[in-house]
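As given, the protein sequences belong to chains Y and B, one line each in that order. Reading the first sequence from the start, the letters are residues 7 to 214 in the working numbering. Reading the second sequence from the start, the letters are residues 7 to 214 in the working numbering.
Do not take every clue at face value.
For chains that are exact copies, the list does not tell them apart, and a pair is met inside one copy or across any two.
Listed next, the in silico DSSO-like pairs over lysine-lysine satisfying Cα-Cα at most 30 Å (straight line) [said to hold, decoys possible]:
no.	residue 1	residue 2
1	K10	K106
2	K179	K211
3	K100	K54
4	K144	K196
5	K211	K54
6	K73	K190
7	K196	K211
8	K190	K211
9	K199	K188
10	K188	K211
11	K73	K144
Keep in mind the hints are simulated off the structure, nothing from the lab.
Protein chains: 2
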Amino acid sequence: MLIKMQVDDFIEELASDSPAPGGGSVAALSGAMGAGLVSMVARLTIGKKGYEDVEDLIEQTLVASEKIRAELTLLVDKDTQAFNRVMAAFKMPKETQAEKSLRSDAIQAAFQNAILTPLRVAELCLGVLELALSIAGKANQNAASDLGVAAQMAYAGVQGAVMNVKINLPSIKDLQFSEEKKTKALAFLKSAKNVQGQVLQEINKLIG
Amino acid sequence: MLIKMQVDDFIEELASDSPAPGGGSVAALSGAMGAGLVSMVARLTIGKKGYEDVEDLIEQTLVASEKIRAELTLLVDKDTQAFNRVMAAFKMPKETQAEKSLRSDAIQAAFQNAILTPLRVAELCLGVLELALSIAGKANQNAASDLGVAAQMAYAGVQGAVMNVKINLPSIKDLQFSEEKKTKALAFLKSAKNVQGQVLQEINKLIG
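Bound conformation, chain Y alone (with noise of 0.2 Å):
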């Protein structure tokens, strides 16, 4: 598992020749700091003279950024699984009309998968995003800053997501499909930006 590994083990992996793991892996683990860090705010903040009437609100977000934390690390693996599935779809034998009729099937439903996975990725990142703008200008001041990394992780993790959902859309025959998850992604791009925007404008009240 791609999560196991030594960061430095797992950098020297990335860079590799190899295309996978890749974008859409770094993607994830981006969007997994960034709720790593609203949670580390948030448990900051707790407990703090000053910060006892946010102190349900912040209990709440703990809890949350701490369950998008845990499905985020492992979609670190699940993304390159979607990849290595696509590839391996490829390889299936396509000699008789019914190994074809296989064979295609297969790429497609790996490919519907390579696009289901981001997609839930960029879902669970804009989740980070709205739980960060939840405490901004809320939680512990003197963590301004790690709040402002962990939307900005969560937002180039949404972005980074996106663009592994359209770069395999033109592979996907079934065009409803494509067309909804297209809308989708875009969707939850508008609203990460958007959100994003807000942080960032809470957080620089604060550090100027």
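For this one, chain Y is given, so just place chain B on it according to the hints.
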């Protein structure tokens, strides 16, 4: 060392109630992953049919991205060490006048280091963006989304690092130092935004 931790353990540590590692280390890691992806895209281009004309450019990009990747990987730990050094300086004894003076000097030196470290991260992440731009639209088109994610990670790295510079500036007594570093940080941010826009324009031509 943080970079010797497992990826999932690193994210877990990030999410903990300890302020370090925090956003500064994540910004460096984000840039290192961006550099890793630039290297991967370069390696997926070298020796491939149809890319003979750009081989020299791609080879040069690979050498440069691997150099930046190595330094940014080390900066993941250096940023957390810089933060810890500030904390350690605050814990120095302050009973006598001599102790107070030593402590104050140590705090100032530690804060300057905690500004210079993310400033270097910002500079190197900008370097990753420039490398991505130099091969955007020229490198292996199958890896277009990977190059796009590389740029997004590098851009998030610049933004995150600049936030870490900014949050430490008010602690600096040497106003010439702080004015100089602020100007540099804002210049990196401005260039990064510009280069990032150009990279995405090239990538969007390929993946729509």
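Checked hints:
no. : hint        : result
1   : K10 / K106  : neither (37 Å within a copy, 46 Å between copies)
2   : K179 / K211 : between (48 Å within a copy, 22 Å between copies)
3   : K100 / K54  : between (65 Å within a copy, 25 Å between copies)
4   : K144 / K196 : both (25 Å within a copy, 28 Å between copies)
5   : K211 / K54  : within (21 Å within a copy, 50 Å between copies)
6   : K73 / K190  : within (22 Å within a copy, 38 Å between copies)
7   : K196 / K211 : both (23 Å within a copy, 19 Å between copies)
8   : K190 / K211 : between (32 Å within a copy, 21 Å between copies)
9   : K199 / K188 : both (17 Å within a copy, 26 Å between copies)
10  : K188 / K211 : between (35 Å within a copy, 17 Å between copies)
11  : K73 / K144  : within (21 Å within a copy, 40 Å between copies)
Consistency with the previously given hints fails for number 1 only.
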